[in-house]
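Asker: Protein chains in written order, with the working numbering: chain A, 1 to 114; chain B, 1 to 114.
Since the hints were made in silico from the structure, they are not lab data.
Please note that the accuracy of each hint is not assured.
[What the hints assert, rightly or not] Simulated restraints, written as ranges between beta carbons of each label pair:
1. B:Gln42 x A:Thr112: 30 to 36 Å
2. A:Tyr101 x B:Gly15: 43 to 49 Å
3. B:Ile74 x A:Pro61: 22 to 28 Å
4. A:Thr112 x B:Thr5: 48 to 54 Å
5. A:Glu102 x B:Met10: 23 to 29 Å
6. B:Thr72 x A:Thr52: 26 to 32 Å
7. A:Arg84 x B:Thr5: 37 to 43 Å
8. A:Gly51 x B:Met59: 26 to 32 Å
9. A:Arg81 x B:Gln42: 27 to 33 Å
10. B:Ala13 x A:Asp57: 41 to 47 Å
11. A:Pro96 x B:Thr79: 25 to 31 Å
12. A:Asp97 x B:Ala13: 28 to 34 Å
13. A:Gly85 x B:Pro7: 46 to 52 Å
14. B:Met59 x A:Pro61: 46 to 52 Å
[What the hints assert, rightly or not] Take a look, some chain A residues computed to stay more than 12 Å from chain B by CB distance:
15. Gly3
16. Gln41
17. Ala55
18. Phe66
19. Arg69
20. Arg110
21. Thr114
[Said to hold, decoys possible] Derived EDC-like pairs: lysine to aspartate or glutamate, alpha-carbon spacing no greater than 20 Å straight-line:
22. B:Lys52 x A:Glu102
23. A:Lys78 x A:Asp24
24. A:Lys17 x A:Asp86
25. B:Lys3 x B:Asp67
26. B:Lys3 x A:Asp24
27. A:Lys15 x A:Asp57
Note that the Cβ used here is the ideal one computed from N, Cα and C, for glycine as well.
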Amino acid sequence: GAGVSQTPSNKVTEKGKYVELRCDPISGHTALYWYRQSLGQGPEFLIYFQGTGAADDSGLPNDRFFAVRPEGSVSTLKIQRTERGDSAVYLCASSPDGRSYEQYFGPGTRLTVT
Amino acid sequence: DAKTTQPTSMDCAEGRAANLPCNHSTISGNEYVYWYRQIHSQGPQYIIHGLKNNETNEMASLIITEDRKSSTLILPHATLRDTAVYYCIVRVGSSNFGNEKLTFGTGTRLTIIP
């Protein structure tokens, strides 16, 4: 079956612009996670959704970052007033529910802020 | 979640067993040991997890010491496709809602040598 998909695969934007990154989880998975990975580092947790609600947003670095999952499937990560330090690979993962031991990761969106 | 310590990099000859160590000396009684790997330009992939007993699946074996302060991931017959960064993660058991995020370190970069 289809895995987690993320679009776009690459995004280049100018400093100060607004960007949206999309994640399509595996069908039926109620848990969805966003992570950010900087060069040479492991992924860093941003936010976790259980259904439509954000169960844990403790990893969002500041109020320029926001994520939604209005219908409990597709999620969008939104970044306002982008900064060069936001450049990273943004990874999305899903699992059948929050208690599942395995998270299934997408290929990521590489964001470059110039 | 408890912190983990892994070697930065390791090499292994193709066809030999790759043994990847991980120290997690502050692990709590309800924390599991998880292993994920990340092949270049892909999202992380779940390998195996365990609490205190040794575990084996089609990908690997996990050996956890009796005091649970360290573990070893074993890839029995390494192939070139096993070249990746391997992450050892300690995470509260999946029965505890609200602790579903994965906390990645920098992992071990395993290179399989032809």
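Asker: Are the hints correct? Go through all of them and say.
Answerer: Hints, verified against the model:
1. For B:Gln42 paired with A:Thr112, a C-beta distance near 19 Å fails the hint of 30 to 36 Å.
2. Between A:Tyr101 and B:Gly15, the C-beta spacing of about 30 Å breaks the proposed range 43 to 49 Å.
3. The supplied range of 22 to 28 Å is broken by B:Ile74 and A:Pro61, whose beta-carbon atoms lie about 37 Å from each other.
4. Look at A:Thr112 against B:Thr5: about 32 Å separates their beta carbons, and that is not inside 48 to 54 Å.
5. Between A:Glu102 and B:Met10 the CB atoms are about 24 Å apart, so this pair conforms to the stated range of 23 to 29 Å.
6. For B:Thr72 paired with A:Thr52, a C-beta distance near 41 Å fails the hint of 26 to 32 Å.
7. Checked against the hint of 37 to 43 Å, the pair A:Arg84 and B:Thr5 fails, with Cβ atoms roughly 31 Å apart.
8. For the pair A:Gly51 and B:Met59, the beta carbons lie near 30 Å from each other, so the given range of 26 to 32 Å is met.
9. Remark: the range hint 27 to 33 Å for A:Arg81 to B:Gln42 is upheld by a beta-carbon distance near 30 Å.
10. Checked against the hint of 41 to 47 Å, the pair B:Ala13 and A:Asp57 passes, with Cβ atoms roughly 45 Å apart.
11. Range check, A:Pro96 to B:Thr79: about 30 Å between beta-carbon atoms, so the 25 to 31 Å window is met.
12. As the Cβ distance of A:Asp97 to B:Ala13 is approximately 41 Å, the hint placing it in 28 to 34 Å is violated.
13. Between A:Gly85 and B:Pro7, the C-beta spacing of about 29 Å breaks the proposed range 46 to 52 Å.
14. As the Cβ distance of B:Met59 to A:Pro61 is approximately 34 Å, the hint placing it in 46 to 52 Å is violated.
15. With a minimum CB-CB distance of about 9 Å to chain B, A:Gly3 fails to clear the 12 Å threshold, and the non-interface call is violated.
16. At roughly 6 Å from the closest C-beta of chain B, the C-beta of A:Gln41 falls inside 12 Å, breaking its exclusion from the interface.
17. Against the 12 Å criterion, A:Ala55 falls within the reach of chain B, whose nearest CB is about 7 Å from its own CB.
18. Every Cβ of chain B is farther than 12 Å from the Cβ of A:Phe66; the closest lies at roughly 18 Å, confirming the non-interface assignment.
19. With a minimum CB-CB distance of about 15 Å to chain B, A:Arg69 clears the 12 Å threshold, and the non-interface call stands.
20. Some Cβ of chain B comes within 12 Å of the Cβ of A:Arg110; the nearest lies about 9 Å off, and the non-interface call is violated.
21. At the 12 Å boundary, the C-beta of A:Thr114 stays outside the reach of chain B, the nearest C-beta of that chain being 21 Å off.
22. Between B:Lys52 and A:Glu102, the direct Cα distance comes to roughly 18 Å. Compliance with the 20 Å bound is thereby established for this hinted pair.
23. Taken as a hint, the A:Lys78 and A:Asp24 pair is honoured in the structure, with Cα atoms around 15 Å apart against an allowance of 20 Å.
24. This hinted pair checks out: A:Lys17 and A:Asp86 have alpha carbons roughly 11 Å apart, not beyond 20 Å.
25. At roughly 16 Å between alpha-carbon atoms, B:Lys3 and B:Asp67 fall within 20 Å of each other, so this suggested pair holds.
26. With a C-alpha separation of about 31 Å, the suggested pairing of B:Lys3 with A:Asp24 is violated against the 20 Å cut-off.
27. Straight-line distance between C-alpha atoms of A:Lys15 and A:Asp57 comes to about 24 Å, which puts the hinted pair past the 20 Å bound.
Going through the hint list in order, the structure does not satisfy hints 1, 2, 3, 4, 6, 7, 12, 13, 14, 15, 16, 17, 20, 26 and 27.
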